[in-house]
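I would like the entire structure built from these sequences, with the hints used as guidance.
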Amino acid sequence: MRKIIHVDMDCFFAAVEMRDNPALRDIPIAIGGSRERRGVIRSATY
Numbered sequence: 001m002r003k004i005i006h007v008d009m010d011c012f013f014a015a016v017e018m019r020d021n022p023a024l025r026d027i028p029i030a031i032g033g034s035r036e037r038r039g040v041i042r043s044a045t046y
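So in the numbering used here, the last one in the sequence shown is 46, and the numbering has no gaps at all.
For the record, the hints were derived by calculation from the structure and aren't laboratory data.
All C-beta atoms in this analysis are idealised placements derived from N, C-alpha and C, irrespective of residue type, glycine included.
Warning: the hint list may mix true and false statements.
[To be verified] Cβ-Cβ distance ranges computed for the label pairs, FRET-style:
(1) Val40 - Arg19: 16 to 26 Å
(2) Pro28 - Met1: 40 to 50 Å
(3) Arg2 - Ala23: 43 to 53 Å
(4) Met1 - Arg38: 36 to 46 Å
(5) Met1 - Pro22: 19 to 29 Å
(6) Arg38 - Glu17: 13 to 23 Å
Below, the structure is given as structure tokens:
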């Protein structure tokens, strides 16, 4: 029998940044990719 596990890590990268930098806790933040490439939001707080 094959098992598939889905882990939803909603806001994970934003939560890590807020843990590492407490000054970000009370403001909306967005985590993106490389500055040299096209922009894509990977994680955000809402």
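Going down the list of hints, with the structure as the test:
Between valine 40 and arginine 19 the beta carbons are some 22 Å apart, a value that agrees with the proposed interval 16 to 26 Å. Evaluation of the 40 to 50 Å hint for proline 28 and methionine 1 yields a pass: the beta carbon distance comes to about 43 Å. Between arginine 2 and alanine 23 the beta carbon distance is about 45 Å. The supplied range of 43 to 53 Å therefore holds. The hinted range of 36 to 46 Å is satisfied by methionine 1 and arginine 38, whose Cβ atoms lie roughly 41 Å apart.
Distance hint for methionine 1 and proline 22: a CB-CB separation of about 45 Å, inconsistent with the stated range 19 to 29 Å. A hinted range of 13 to 23 Å for the beta carbons of arginine 38 and glutamate 17 is consistent with their spacing of about 21 Å.
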